[in-house]
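Asker: The numbering of the sequence shown is the UniProt record's numbering, which starts it at 1 and goes up by one.
In short, the hints are calculated from the structure, not lab data. Any given hint could be a false lead.
For each label pair, taking beta carbons as the anchor points, the in silico distance ranges come out as [claimed, not checked]:
(1) Arg112 to Asn55: 55 to 63 angstroms
(2) Glu81 to His40: 27 to 35 angstroms
(3) Ser97 to Ile46: 58 to 66 angstroms
(4) Arg32 to Ser54: 22 to 30 angstroms
(5) Lys61 to Ser86: 45 to 53 angstroms
(6) Pro27 to Met88: 31 to 39 angstroms
(7) Pro30 to Ala82: 22 to 30 angstroms
(8) Cys38 to Tyr58: 16 to 24 angstroms
(9) Ala82 to Phe39: 31 to 39 angstroms
(10) Gln69 to His40: 15 to 23 angstroms
(11) Tyr89 to Gln56: 37 to 45 angstroms
(12) Thr96 to Gly59: 54 to 62 angstroms
From the three backbone atoms N, C-alpha and C, an ideal C-beta is built for every residue, glycine too.
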Amino acid sequence: ITTIIKTVDIIMEDQRVQTCDIYRTDPNLPHRFNNPDCFHGYSQKISHPLYRTSNQTYGSKRPTVHEMQTQFKGTSCQFSEAMLHSGMYHDHGFNTSVDKSRVVVSTVTQKRRSSRQHMCHNDQDGDKK
1 ITTIIKTVDI
11 IMEDQRVQTC
21 DIYRTDPNLP
31 HRFNNPDCFH
41 GYSQKISHPL
51 YRTSNQTYGS
61 KRPTVHEMQT
71 QFKGTSCQFS
81 EAMLHSGMYH
91 DHGFNTSVDK
101 SRVVVSTVTQ
111 KRRSSRQHMC
121 HNDQDGDKK
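Using the sequences plus the hints, can you model the full thing?
Answerer: What follows is the structure, given as structure tokens:
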């Protein structure tokens, strides 16, 4: 009896169940949604059971027919095609504001610092005489 059950299981594994066999699907449904067996890469890396999450356990299982989409509605590319022809918006206005940078110090500040340092060094030289 066990050999009969095993042979039935092997026959069932050889017959790939499609989504359209069980559910009414959209005629424009892509091949990958109609055949859940085409999804690969669900092998699980061996990890310590203490650190294994429920998402890892659920994500390691391949999708079944019951979890596949029955409809597919692709998005329109109208916006992208329009941007491809015309290009992205670019402001051609004249910028009159001063950009302040934290890296570069203005020339006035540099002159003040150098004059202070010069004065401090002169005072120290004068004290030593």
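Asker: All the hints need checking, so say for each whether the structure fits it.
Answerer: Status of the hints after comparison with the structure:
no.	hint	in the structure
1	Arg112 to Asn55: 55 to 63 angstroms	holds (60 angstroms)
2	Glu81 to His40: 27 to 35 angstroms	holds (33 angstroms)
3	Ser97 to Ile46: 58 to 66 angstroms	holds (59 angstroms)
4	Arg32 to Ser54: 22 to 30 angstroms	holds (26 angstroms)
5	Lys61 to Ser86: 45 to 53 angstroms	holds (46 angstroms)
6	Pro27 to Met88: 31 to 39 angstroms	holds (37 angstroms)
7	Pro30 to Ala82: 22 to 30 angstroms	holds (26 angstroms)
8	Cys38 to Tyr58: 16 to 24 angstroms	holds (20 angstroms)
9	Ala82 to Phe39: 31 to 39 angstroms	holds (34 angstroms)
10	Gln69 to His40: 15 to 23 angstroms	holds (18 angstroms)
11	Tyr89 to Gln56: 37 to 45 angstroms	holds (44 angstroms)
12	Thr96 to Gly59: 54 to 62 angstroms	holds (55 angstroms)
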